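Visitor: Starting from the given sequences, assemble the full structure and let the hints guide the process.
Going left to right, the sequence shown walks through residues 11 to 168 as the working numbering numbers them.
The reader is advised that the hints may include incorrect statements.
Label-pair distances were calculated between CB atoms; the ranges are [what the hints assert, rightly or not]:
(1) ASP55 x LYS113: 16 to 26 Å
(2) MET151 x ASN69: 36 to 46 Å
(3) ASP76 x LYS113: 42 to 52 Å
(4) PHE160 x THR78: 28 to 38 Å
(5) ASP55 x ALA163: 15 to 25 Å
Calculated from the structure, these hints are not laboratory results. If you're wondering where the values come from, they're calculated on a predicted model, not measured in any experiment. Don't be surprised by glycine CBs; every beta carbon is placed ideally from N, CA and C.
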Amino acid sequence: MGFIESYKHLEKLCGEILNDDRRISAYIDEMINTPRGSYLVRGWDDDLKQLKHYRWVRNQIAHEPDCTEQNMCEPYDTVWLDDFYSRIMNQTDPLALYSKATKLRPTQKSEQAHIQESPTYTYSHTASNHRKSSPQATGCMTFLVGILIFVVAIVLIS
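Guide: Below, the structure written as structure tokens:
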């Protein structure tokens, strides 16, 4: 599929899932208006930036003289659009991941209610909780190690 065909394919899907005639623009607006999306979903800002860019490219091709798919697009642009379409279908797109992240699982509710009803304060219980690292701290450490590797790679290449 070419860029425009892939864009139309994604646009139709976005319109259907959001039930909005603005289609990709509606998806973009939903992302913009979603609180903490970039905090809860990895890659949120990158996906938002790409969607805005591809909407701009599509508008340039559709409305500007001398703008064509050949001089505005690279093959990876079509690949990205097709991949994003697949992510929506597999419910691994930003809005689906946000929805999953913000829903409290029923088992967590019942566990929390149980903990509040009958708290157990023992030395071993407190000590084990003290040693656990939070997923957020682990994610930050992974991010920092990634940045460090990236910087070292740039220094070695230079």
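Visitor: If a hint holds in the structure, say so; if it does not, say that too.
Guide: Structure-based check of all given hints:
Against the hinted window of 16 to 26 Å, the Cβ-Cβ separation of ASP55 and LYS113 comes to about 22 Å, which satisfies the hint. Against the hinted window of 36 to 46 Å, the Cβ-Cβ separation of MET151 and ASN69 comes to about 41 Å, which satisfies the hint. At roughly 48 Å, the beta carbons of ASP76 and LYS113 sit within the given window of 42 to 52 Å. A hinted range of 28 to 38 Å for the beta carbons of PHE160 and THR78 is consistent with their spacing of about 36 Å.
One distance hint, 15 to 25 Å for the beta-carbon pair ASP55 and ALA163, holds here, with the actual separation near 22 Å.
Violated hints for the displayed structure: none, as all numbered hints are satisfied.
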